[in-house]
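There are 2 protein chains.
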Amino acid sequence: MREGKIGVAILGLGTVGTGVAEILSQNRALIFRRSGMDLELKRVLVKDPSKKRDIELQQEIYANEYRTILEDPQIQIVVELMGDLHPAKEYIIEALKAKKAVVTANKAVLANFGSELLEVARQNSVPLYYEASVAGGIPLIAPLTESLVGNNISSVMGIINGTTNYILTKMSKEGKAFNDVLQEAQALGYAEADPSADVDGLDAAHKLAILVALAFDDHIDLKDIYCEGIRSIDTMDIRFARDFGYTIKLLAIGKKTNAGIEARVHPTLIPVNHPLASVNDVFNAVFVKSQEVGELMFYGRGAGRYPTASAVIGDIVAVAKIMAGTGKALPRKFGSAKTLPITESSGSFYIRLMVEDRPGVLGDVAAILGRNGVSVASVIQEGRAQDQVPLVFVTHEVKQGALASSLKTISQLTCVHEIANVIRVEKGD
Amino acid sequence: MREGKIGVAILGLGTVGTGVAEILSQNRALIFRRSGMDLELKRVLVKDPSKKRDIELQQEIYANEYRTILEDPQIQIVVELMGDLHPAKEYIIEALKAKKAVVTANKAVLANFGSELLEVARQNSVPLYYEASVAGGIPLIAPLTESLVGNNISSVMGIINGTTNYILTKMSKEGKAFNDVLQEAQALGYAEADPSADVDGLDAAHKLAILVALAFDDHIDLKDIYCEGIRSIDTMDIRFARDFGYTIKLLAIGKKTNAGIEARVHPTLIPVNHPLASVNDVFNAVFVKSQEVGELMFYGRGAGRYPTASAVIGDIVAVAKIMAGTGKALPRKFGSAKTLPITESSGSFYIRLMVEDRPGVLGDVAAILGRNGVSVASVIQEGRAQDQVPLVFVTHEVKQGALASSLKTISQLTCVHEIANVIRVEKGD
Chain Y
1 MREGKIGVAI LGLGTVGTGV AEILSQNRAL IFRRSGMDLE LKRVLVKDPS
51 KKRDIELQQE IYANEYRTIL EDPQIQIVVE LMGDLHPAKE YIIEALKAKK
101 AVVTANKAVL ANFGSELLEV ARQNSVPLYY EASVAGGIPL IAPLTESLVG
151 NNISSVMGII NGTTNYILTK MSKEGKAFND VLQEAQALGY AEADPSADVD
201 GLDAAHKLAI LVALAFDDHI DLKDIYCEGI RSIDTMDIRF ARDFGYTIKL
251 LAIGKKTNAG IEARVHPTLI PVNHPLASVN DVFNAVFVKS QEVGELMFYG
301 RGAGRYPTAS AVIGDIVAVA KIMAGTGKAL PRKFGSAKTL PITESSGSFY
351 IRLMVEDRPG VLGDVAAILG RNGVSVASVI QEGRAQDQVP LVFVTHEVKQ
401 GALASSLKTI SQLTCVHEIA NVIRVEKGD
Chain S
1001 MREGKIGVAI LGLGTVGTGV AEILSQNRAL IFRRSGMDLE LKRVLVKDPS
1051 KKRDIELQQE IYANEYRTIL EDPQIQIVVE LMGDLHPAKE YIIEALKAKK
1101 AVVTANKAVL ANFGSELLEV ARQNSVPLYY EASVAGGIPL IAPLTESLVG
1151 NNISSVMGII NGTTNYILTK MSKEGKAFND VLQEAQALGY AEADPSADVD
1201 GLDAAHKLAI LVALAFDDHI DLKDIYCEGI RSIDTMDIRF ARDFGYTIKL
1251 LAIGKKTNAG IEARVHPTLI PVNHPLASVN DVFNAVFVKS QEVGELMFYG
1301 RGAGRYPTAS AVIGDIVAVA KIMAGTGKAL PRKFGSAKTL PITESSGSFY
1351 IRLMVEDRPG VLGDVAAILG RNGVSVASVI QEGRAQDQVP LVFVTHEVKQ
1401 GALASSLKTI SQLTCVHEIA NVIRVEKGD
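If you read the protein sequences in the order shown, they are chains Y and S. Residue 151 in my numbering sits at position 151 of the first sequence, and the numbers go up by one each step. To get my numbering, take the position in the second sequence, counting from 1, and add 1000.
Everything labelled a hint here was simulated from the structure, so no lab data went into it.
Computed list of lysine-lysine pairs in PhoX-like fashion (alpha-carbon distance at most 25 Å, straight line):
(1) 1399/S / 1289/S
(2) 399/Y / 427/Y
(3) 427/Y / 1170/S
(4) 89/Y / 223/Y
(5) 427/Y / 1173/S
(6) 42/Y / 99/Y
Quick caveat, the model's predicted, so the values are computed rather than measured.
Build out the structure end to end from the sequences listed, making use of the hints.
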């Protein structure tokens, strides 16, 4: 091999780090033939070099002091795969200041400090790439930033958390309750012992913060993302949704409106024939709409050793080309946008009330909705001869704030036992 | 604006050319902000500069002699959007020899002369990009070549012809016959007056030739692609396919096998829950499998002014960065692979016979299949008390050659009136 020989260091040899090290070694000739880049793994930073691992590396490749990597002039690319915020953030900054390109898969670091890190990269004229941070192996960031560079993107809607999609798929297909499926998912390793980052939507919110910046050229603050998880979804809701022609998915949604950027993560009813509706199990997908290209969807595996490593490798080759060339293609600048409060965002809603089983209840509820300007698209009344029965609506377009006040009034009716669930509907138009 | 000012010329101002010219002018500041590239449309080559058009350009932008563009040192990128083989091929070669980068959307030129054109680009150290040539606005070539650079791709399966997908979707949803839907599609402008390039699969074969080279690093000869269109699909086949749990799509399939590369375009049964099954109307999608990243799908609009222009603009920015930099990222070299004869390719098949309505027919047919090593996965026998009735099978995996010989024997049975249809099944595994 010749031309473009580039030294690479990996920080962290966990699931993804091991995958990257394997592909770098096994596919080195393939990558060189395709790209002209000869990538050599020079160093791997680990806490304990003597630990038994899935991969066999020569002993001299291990480093347990970061300085060894920072001071090695033959290392031009640092690949951060440690996870967590610290010291990942500091290590990325030190690498950039040492004029080394950085590739990371760390969504938390980017969602929290992306703006700062990209600025350090610009100041030091080195690239910082992060394809693997959103939707794992799916090529998404490169297409959004490069292929769609001429597009005015109006919305992104993603199934970007595999754990919750697995749980909702199982609940939907097998009629099992949330808690039962969660336990199964934990047993299979699809959910963590503490599942809250996934099931409460925080993981998806991190990724949405990154997606929104790329789609709309504006950083938003993680805390401005409205975030609602899937714990409240009952199998009954899944069944009623199906009766209305919908599937329930946890969507991360970014929309550009005249009033500001909407950024929200919540369970959502989507029509069964929408391309996102058939994204099942642990698969991820991101649906993008723009004025120019119309609708696009990117589908694939959002996690896992080799899918994530595939995205990291793509980034390594891209930054290697830049390091071998002129140092062009630096991170672009983002603005910072106003995020629209969730009460101002409009949409259609699925509402399940548990009500007294007597005539007139529907009329009482409908009257309140009507007085608040909430128009009903369809209704299901089910059961009879039970203590309480479900009364289920789908509304037309309404502001979330207006809906909230009518629901408050409805909750005070004596015939209404409970507002059991309120879930967003996205028609995909 | 400053840095990276790049002059662009467009050859041809048809549907796509107009879209590219519009986006270049309307989104010039947006593109500059994102990429640092200031793209100036310097010239447009048209036959008749005085013709009334959808777009208003200053009169001095029009050129009617190609020499004007070739000899202009301020033009660094030539965008070929004329279509057809000649003089598109010659114009591309002349631009490359004049050290200008070329962007083209011309699938026919690439499928026929891709190898030669890429070699000219390499010799002249200028890029030749062609994202829009396959699947219109869907980012596909950049993800395949760059994001997936570290992947061993094993198969690509695409719905890459919008006309046939529109026809099959209509036949499927409305139960209408092929000819009726074709006429509707022609009236709506979704199908040409002479529809053969679309409905007989040739358009898809052109795009498959390009996809196969990118996925497997090997050029294949257009004439080695097995090509079968959708004229033979009866609404009855769509109905039986549904009974078996399948949808019928025109797929372009490339697979890497130990024996060689399979490249074929034909109607295909795919399971209704496969992501490709819900790609409807004029939408395109390409499903990719690799050892590393697993399954991916890219979905979007395969044609139209702005979707196609979006892809062309993405390419223009990418080559502009290269022209502004060092001239790295030249076209990679492809090998040339053995294409597997279609008779050697294995698969599962849907077979519809029209047979005499009497007992024993199934036994006779099954016996012949059994003797030829063709194993049956499921059978539907329908109707009774008619002159002839359908007898429908889905087979297990079998070589197409072995199936053909058993069908030949079956066709000689007096109780078999007709082998009405034989369609491939792809289980997506």
